[in-house]
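Participant: Chains as they are written, first to last, in the numbering used here: chain A, 37 to 428; chain B, 37 to 428; chain C, 37 to 428; chain D, 37 to 428.
No wet-lab data here; the hints were simulated from the structure. Heads up, some of the hints might be wrong.
A pair holds if it fits inside one copy or across any two, identical chains being indistinguishable in the list.
[Said to hold, decoys possible] List of simulated lysine-lysine pairs, DSS-like, C-alpha gap at most 27 Å:
{"no.": "1", "residue 1": "K385", "residue 2": "K194"}
{"no.": "2", "residue 1": "K385", "residue 2": "K282"}
{"no.": "3", "residue 1": "K123", "residue 2": "K385"}
There are 4 protein chains.
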Amino acid sequence: MNELDADTLATAYRAVRSHTEALAAPLSAEDACAQSMPDASPAKWHLAHTTWFFETFVLERFEPGFAPHAAAYRVLFNSYYNAVGVKHPRPQRGLLTRPSLDEVRAYRAAVDRRVLTLMPRLPQEALRLVELGLHHEQQHQELLLTDVLHLFSCNPLKPAYREAEMSASAPASPLQWHAFEEGVVQIGHDGAGFAFDNEGPRHSAYLQRYEVASRLVSNAEYAGFIEAGGYREPALWLSEGWDWVKAQSREHPLYWQRAANGWQAFGLSGLRELQAHEPVLHLSYYEADAYARWAGARLPTEAEWEHAAATCPELHQLTSHAWQWTSSAYLPYPDFRASAGAVGEYNGKFMVNQMVLRGGSLATPPTHLRTSYRNFFPTSATWQFTGIRLAR
Amino acid sequence: MNELDADTLATAYRAVRSHTEALAAPLSAEDACAQSMPDASPAKWHLAHTTWFFETFVLERFEPGFAPHAAAYRVLFNSYYNAVGVKHPRPQRGLLTRPSLDEVRAYRAAVDRRVLTLMPRLPQEALRLVELGLHHEQQHQELLLTDVLHLFSCNPLKPAYREAEMSASAPASPLQWHAFEEGVVQIGHDGAGFAFDNEGPRHSAYLQRYEVASRLVSNAEYAGFIEAGGYREPALWLSEGWDWVKAQSREHPLYWQRAANGWQAFGLSGLRELQAHEPVLHLSYYEADAYARWAGARLPTEAEWEHAAATCPELHQLTSHAWQWTSSAYLPYPDFRASAGAVGEYNGKFMVNQMVLRGGSLATPPTHLRTSYRNFFPTSATWQFTGIRLAR
Amino acid sequence: MNELDADTLATAYRAVRSHTEALAAPLSAEDACAQSMPDASPAKWHLAHTTWFFETFVLERFEPGFAPHAAAYRVLFNSYYNAVGVKHPRPQRGLLTRPSLDEVRAYRAAVDRRVLTLMPRLPQEALRLVELGLHHEQQHQELLLTDVLHLFSCNPLKPAYREAEMSASAPASPLQWHAFEEGVVQIGHDGAGFAFDNEGPRHSAYLQRYEVASRLVSNAEYAGFIEAGGYREPALWLSEGWDWVKAQSREHPLYWQRAANGWQAFGLSGLRELQAHEPVLHLSYYEADAYARWAGARLPTEAEWEHAAATCPELHQLTSHAWQWTSSAYLPYPDFRASAGAVGEYNGKFMVNQMVLRGGSLATPPTHLRTSYRNFFPTSATWQFTGIRLAR
Amino acid sequence: MNELDADTLATAYRAVRSHTEALAAPLSAEDACAQSMPDASPAKWHLAHTTWFFETFVLERFEPGFAPHAAAYRVLFNSYYNAVGVKHPRPQRGLLTRPSLDEVRAYRAAVDRRVLTLMPRLPQEALRLVELGLHHEQQHQELLLTDVLHLFSCNPLKPAYREAEMSASAPASPLQWHAFEEGVVQIGHDGAGFAFDNEGPRHSAYLQRYEVASRLVSNAEYAGFIEAGGYREPALWLSEGWDWVKAQSREHPLYWQRAANGWQAFGLSGLRELQAHEPVLHLSYYEADAYARWAGARLPTEAEWEHAAATCPELHQLTSHAWQWTSSAYLPYPDFRASAGAVGEYNGKFMVNQMVLRGGSLATPPTHLRTSYRNFFPTSATWQFTGIRLAR
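The task is simple: from the sequences and hints, build the whole structure.
Facilitator: Okay, structure coming up:
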């Protein structure tokens, strides 16, 4: 493990922290306070919780004469760290109209000053926690966007978070299959640079011969699945997926709606005509699995995905559009050990009843991406930027 | 029915409308947007819905060349008027971060200008709708306070809506009983001045001899019920009330909590020591009924309450502190006819599975009070300012 | 209150107890064990609970050297008497495959022997409890039938409880209105013979002029309401009723279904063609109220119903077909006092959020009927034999 | 794949079918009809559904002039085969008091006669379906026992399904660890004899060095976990597991209860003193995982388990007491293909959000066991005979 440099880290700290504020800048105080479902959090909470992380794991342990910025925030902005004490109930985060957005911004500024002041004197152990906190904050940057998108989708006014980008949306390239030979491969983070604990240890895995698609499934291809009756044919679905389709009356992806002249999709730029050639987004694992079955293919395992991504430069859209559902359950790698202390609650304790997603999305900060990265969500999650890369 | 005068009504209009804004003044945009439970509404929604009422029932019908202030508001701020079309789902009112509080204030100002401009030319029928709209708005003034109080109670910071008033809280007067003779009495609104349709027709009712308490039950008296084990003795409770106590683990009124040195209660002035001599507040019908049974008394019927209030000047605290649960279900008076049109959905369609409350509370605008007034809530409601006047 | 004679009571005891067994005779052990919903109870449970009543309230108190038939039955077959101790959870009554139906029959026989042996030596107070137990058992006779009907309705085989009777179903007589003058009337049981505590005290009530229909609403008339779109028009429904219609997707009465050639209805004789001229059955309060509004009428109050039934011999179908929803909430009469002790839990504690039904149904034992009888159910109950008599 | 012999299969058919009836013999008609939770089925339903399988997949396809035994059974006793048409709702299986237990036994006898008559003339394809039906029935034999046990556990009488066996319960042997070297191993069914489709294809897998415990965790060892506060320490649990513990107020395994002199456990022989040296039973995946973490170990993967079981004769209690939770999610093996047609719905469509269990239990028919057998249940399931074999 390479030594961390305090100056370099301070630069990264300023960049990540200010990027979070830039993401929140288009939001009004009201936008930043509301919570549209228990799975999502208010933007204000993301702003505060990421700050709480630095205050709790860095300042409290390493700042001489530490005093909390505001004692009550310790409870209000803890997320799931049981070892750190009581938590505010997750479904009630939208009721925290106080502290105000301005007070939370002041909290951020105050903690930033203290962390940056302290940084030159921090030992390596503390710098590692700062680094972890920055990667943690980048995760919340993506969640801030997915959660705002969901909130805005609930508003009949269908507000846009940002202007539509001028995407010279070229036709999707023809889908090609890339083949990989059977054998033992190495999987997991190799130790150079930062990685979450769940990406290691690096280990051998045996792969059968397989093929992976060169790009993601497009909106037009997914629309074909819908038109072919995909949402009405139980044989295409996992049993639990079929129950989900019926219970939720699903007939299309989360943010799609039919208009007079075709499909529309709601996104960060508001409600727009569906872009046929762009990758389909916001699918549950059930939908991804059913589509793959309909297409005569399957989802890749995470080992297949990682080996292909690491060795095949011809694969496109690896991290540019959507996290890609794999057929692998989110479980510990052989000899996995969670980090010690409260930060050890970060990953390991969620290793059940979730599926691994690989790659990265349009909302993922580019410096947050790694081939070994293991994202994970429950099978019914659709509000993330999730899509399909086929295998066979 | 007396003729309405446009000038007088315009004065009342200005007073009521500005009072609503004064009530919302202490709230931040975030405070005004959040919804703490499906039964409550955001303050911003109250501000907008009361305006929607004037726009829909007055401007749309009587303003030449009417155009809506914003077409989408028609759906967003409709409450329960099926005849007026689609409604935004009630439990999602807190997700309406747009329009902003400022935009809603502009909506209010624009509608006020239009209504006041139109007022001198309005026919009696329209003036009656304006008058109804003002009484409707006064109801929402009280709800705005009860809903904000509930929202703030969910925040661990326990914010205060306003400064504590200097209440020279005198000891509660000794409770006295006032007796009323058996016989036929007249009940219901007598037609002079405004009344809701549910307060009439005035009609004869037969009352047996009864007695009514001179004041409300005090916090100290209710604390005695708790200390005597009132919440643990099923024989004191209606069967459904006992189920409610157990399902909700209730052991005291909604906003009470035990502190080291006794009871505290949360109110509009924040968390304070319980005032022993003030009337107990925030009780469900089940609690009021159980207390009365424990005290060897009962709740009055609404006819008993109205006859007593109308004829006995010795009764105190009739409207100053809490709505008083009666033992009468909320049902139509003999020969009740709902008003015609959409405003006829105002009262009649709620006449099932609710109980009548009489009097008025600390949050009721004084010009909104009448002896014949019939307030009503489900038996489990506790977030209103509700209390107990005993009868026997 | 007249003196009870032990011999006469013993004769009644034998008659009522054997009638219960006759009602259960067509049922297999499996039929008698299953519970189709929390509101319903297994027939075996009815057989046992009615026996538990005599064992607990008569034998345990008055039999020298009393020992329970089986100690566990004390918990298993208690229904809602908190004063008697722990209860088996109501929704799990269908899981009591032990004791067997044969064991419950043996329980009945043993308690019958002991009660009849004891009867000649019982004091008046005990004889009153026996009399109460018989009326209690008659209530369960009706419930046994309604609960079996619901159970059988859940079975795709649609089994019939009994052969269809040869009803020479004459055309419904023309509906006539009978008028009653305004004034003070006497309501409630007059003290001659048995009555439940909730039927008294007899007291004065003031009635406005009103009219009552000569017969119940027929299936054909109710079908007219359906065909006219009654289930799709919110203006006809109470707000809570409209929510119920939508949440339950109701489009017709509980046991109706459309067949190729018209309506069919499921009843104790199985699935049969709807009898147009017979009274409509199995309506909720919401449906009864909506039908009345559609028909330009209303439901009678319970005082109106009782006064009409007591004074007008021209009223038909008072007790022969269906309990008739009134517009009166189930509340205590003036000066009501519940009976002392555990049997005081019989009626009073249910006096909230239920509506009164008057009359009697095809499933009510004839000796159980009284003009002052107050039946009561929640507004959403449809599995009872409930119908409509209009007033205006 | 070896050829099936009709005579040998007929012998197996008679043995399996009569064993099912022997398992149901101690049950009354009531016992056989009740359903204690949606996950469980009535014994009568197991008797009928296993028969439906032969009627639908063998007789209907291969019997000349096939007519169903009873048309309605096609719906009533279908379980989850969407391709075969409508299904009776699973949670309502306990309401099928008709057909009676005797009628279901007659159904079994009639289908048995027809299958056995037909057997000598059946082609290999049909014999394979008969063989599949027998293995299917053996699965239901185990479920019949677990479901009856759950039903009886809900009855305060705590009935015993059978006499207690005279178990000369020797002290648990000292737990020993058996080590296995790193490398590529072969996993999955090798094709000799019957296997479910999910056990193949056989394929290579890479295993890191690991150790497996020689026996299962005992009741005494698990009691130690409880006494050490295992159910109160969130750090030991998966996040979802900790939510489960709190939501269900779990403090011990499903059928344990504290008595004056120690733990009691409910089982097929009724409520008995806990046998300290026997393997602990009825654990959820969450409990198994938490125990392993507390013990400084982990659960084996299914590949580890299978390789160990296939190669190490020193492992005890592989199939004699409890299915053993593995840390592997239930997912398809590489190149898995579900069987064609409706029987293809057997396994594959359940491959999500379940964990694999390996081995076999006291309730598993011995002829049903295979080293490659993949049992699977959701992580919260506790009513099966499930236990723990540690790995590290």
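Participant: Decide, hint by hint, whether the structure agrees.
Facilitator: Hint check results:
1. K385 / K194: So K385 and K194 fail the 27 Å test inside a copy (37 Å) and across (33 Å) alike.
2. K385 / K282: between (31 Å within a copy, 16 Å between copies)
3. K123 / K385: Answer is within; shortest intra-copy Cα gap is 17 Å, inter-copy 38 Å.
Hint 1 alone, counting from the list given before, is not met by this structure.
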